[in-house]
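A.B. asks: In case you want the letters, here they are:
2 protein chains.
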Amino acid sequence: MSAPENLILSNRFRCFDGWQHFYRHAARATACEMRFGLYLPPQAEHERVPLVIYLAGLTCNEETFPIKAGAQRVAAELGLALLSPDTSPRGVRLPGDDEAYDFGLSAGFYLDATEAPWSAHYRMYSYVARELPDLVTSQFPVDGERIGLMGHSMGGHGALTIGLKNPGRFRSLSALAPIVAPTRCPWGQKALPRYLGPDADTWRQYDATELMSDLGSVAGRPPLLVDQGLDDEFLVNQLRPELFEAAARGAGYPLVLRRHEGYGHGYWFVSSVIEDHLRHHAEGLGL
Amino acid sequence: MSAPENLILSNRFRCFDGWQHFYRHAARATACEMRFGLYLPPQAEHERVPLVIYLAGLTCNEETFPIKAGAQRVAAELGLALLSPDTSPRGVRLPGDDEAYDFGLSAGFYLDATEAPWSAHYRMYSYVARELPDLVTSQFPVDGERIGLMGHSMGGHGALTIGLKNPGRFRSLSALAPIVAPTRCPWGQKALPRYLGPDADTWRQYDATELMSDLGSVAGRPPLLVDQGLDDEFLVNQLRPELFEAAARGAGYPLVLRRHEGYGHGYWFVSSVIEDHLRHHAEGLGL
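Chain order of the listed sequences is A and B.
Heads up: the first sequence is residues 566 to 852, going by my numbering.
Heads up: the second sequence is residues 566 to 852, going by my numbering.
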């Protein structure tokens with residue numbers, strides 16, 4: 566299939582014998598231009614490769630993961646493509662959207678907003694769960710039947726919620742220092758009402774701990790790897806992994822939650838454990 | 566030995582079971598505050614470890630290498646400390662020092678300036694060759710007898726010139742996409758006269774190709790690894806590795822110069838080959 570006219574290569578760089586690409590395109594879900602990074606490993610030159618989507622956190626964009634995580638080395642070894650979307654719509658400006666780091670620009674929370682003016686553009690759930698993977702699997706040598714999903718912090722929230730709601734689409738799942746219970750932490754309690762309105766019942770669909778508690782059955786669900794640094798400044802007030810851990814235990818979900826002494830929240834931590842995550846995905850995706 | 570009062574820890578992060586530190590201190594050579602990064606691998610908790618100094622290029626600072634190169638993983642495996650100085654004095658402001666990316670701030674060229682006003686502060690040669698290694702080996706569990714030196718672009722120029730002039734001090738040596746002949750490229754032809762004055766003879770001591778041509782004997786010199794991307798936008802006009810290669814051949818120097826199809830100038834390239842460089846240094850430093 567030829568590339569749609571709205572898919573534009575901004576830049577590409579040779580990296581670990583593959584290519585780190587940066588693209589922009591006119592996205593339907595968010596009704597504005599969106600940017601993403603795509604690493605294609607050397608194996609993609611002669612076969613369709615599995616894809617791992619990485620959702621980044623607050624303040625990040627589509628470049629953060631490719632620049633800071635050191636993931637391409639492992640992806641090149643395993644034969645994995647890596648897709649890194651931006652963290653919010655950025656092609657439009659809405660009132661107040663850059664006033665705080667935790668709402669608006671870089672803070673899309675991977676949901677479909679229902680409140681104006683956000684509802685016209687802040688539809689990152691639809692973008693990440695459907696539109697972007699469809700675009701990438703149709704335009705690049707990537708296997709649409711073998712897609713994994715992971716994320717960090719706000720992106721860990723995105724990965725867990727989108728993954729739990731779409732088990733057939735995302736066959737492997739993991740998270741790093743994720744926000745697991747946004748309805749019970751300040752970041753979520755600020756963002757969810759603004760994007761979704763005052764009805765707390767609507768927030769639950771974007772809360773991984775609530776989704777986990779509501780799971781009817783875990784049959785066929787992918788095993789879940791979560792890593793958390795114990796010197797993470799956001800651990801106690803924002804992240805609260807113990808809530809998700811209890812819900813997973815209650816549901817009988819195959820969760821491995823690892824706690825790491827001394828590690829903080831940022832990419833010093835992400836880079837230290839990224840290899841384990843990509844190997845987890847490679848196994849889940851049949852590599 | 567207790568830390569001198571002028572050595573201040575700005576930040577530290579757990580990374581690959583070691584610690585990535587960022588320090589600032591009042592430097593004598595540059596007569597201003599300087600910043601550096603220091604990665605201590607897990608082995609440094611119970612023994613003195615060898616040190617590799619990495620000199621960064623134009624526009625970079627002491628954070629660039631720690632954030633972008635993915636080197637800590639390999640350093641943690643091998644038991645190497647990594648020292649990343651800033652690329653110029655930054656604690657003072659001199660007239661016009663931020664007007665261009667290739668002169669002044671972030672562009673110290675690892676020399677001791679003799680022209681005012683630069684001569685009072687732009688003494689990165691003395692800082693990198695002597696003061697900073699002395700400070701680090703006296704204050705941290707680092708072995709002052711096992712120090713390697715490497716660098717990228719302008720930092721490759723720094724590593725080659727400082728290394729060739731101090732073979733007893735730096736026991737292993739390598740460079741990535743280095744400026745090898747600053748007297749014969751626009752970057753050097755702009756910077757050297759401003760820092761050193763109009764006498765071209767004084768420039769030769771900071772030109773790796775000239776230094777290589779002047780070597781009396783290569784006995785006991787460390788083998789040299791140089792990597793160069795062939796899609797590097799600066800290859801033809803600024804870097805000119807063939808000049809250095811010819812000088813090394815003439816001198817009988819043990820140089821391995823590898824050319825890499827498709828790779829550019831930046832950290833997408835650096836990260837792709839950093840493991841080979843650190844293994845080269847580990848071997849040279851007796852690990």
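The set of hints was computed from the structure by calculation and includes no laboratory data.
Some clues are possibly wrong.
Derived lysine to aspartate or glutamate pairs resembling EDC-like cross-links, with alpha carbons at most 16 Å apart [unchecked claim]: (1) B:Lys633 to A:Glu628; (2) A:Lys633 to B:Glu710; (3) A:Lys755 to A:Asp663.
A.B. asks: Let me make sure I understand: some of the numbered hints might not hold for this structure. Which ones are they, in numerical order?
C.D. replies: Checked against the structure, the only hint that fails is number 2, while the rest are satisfied.
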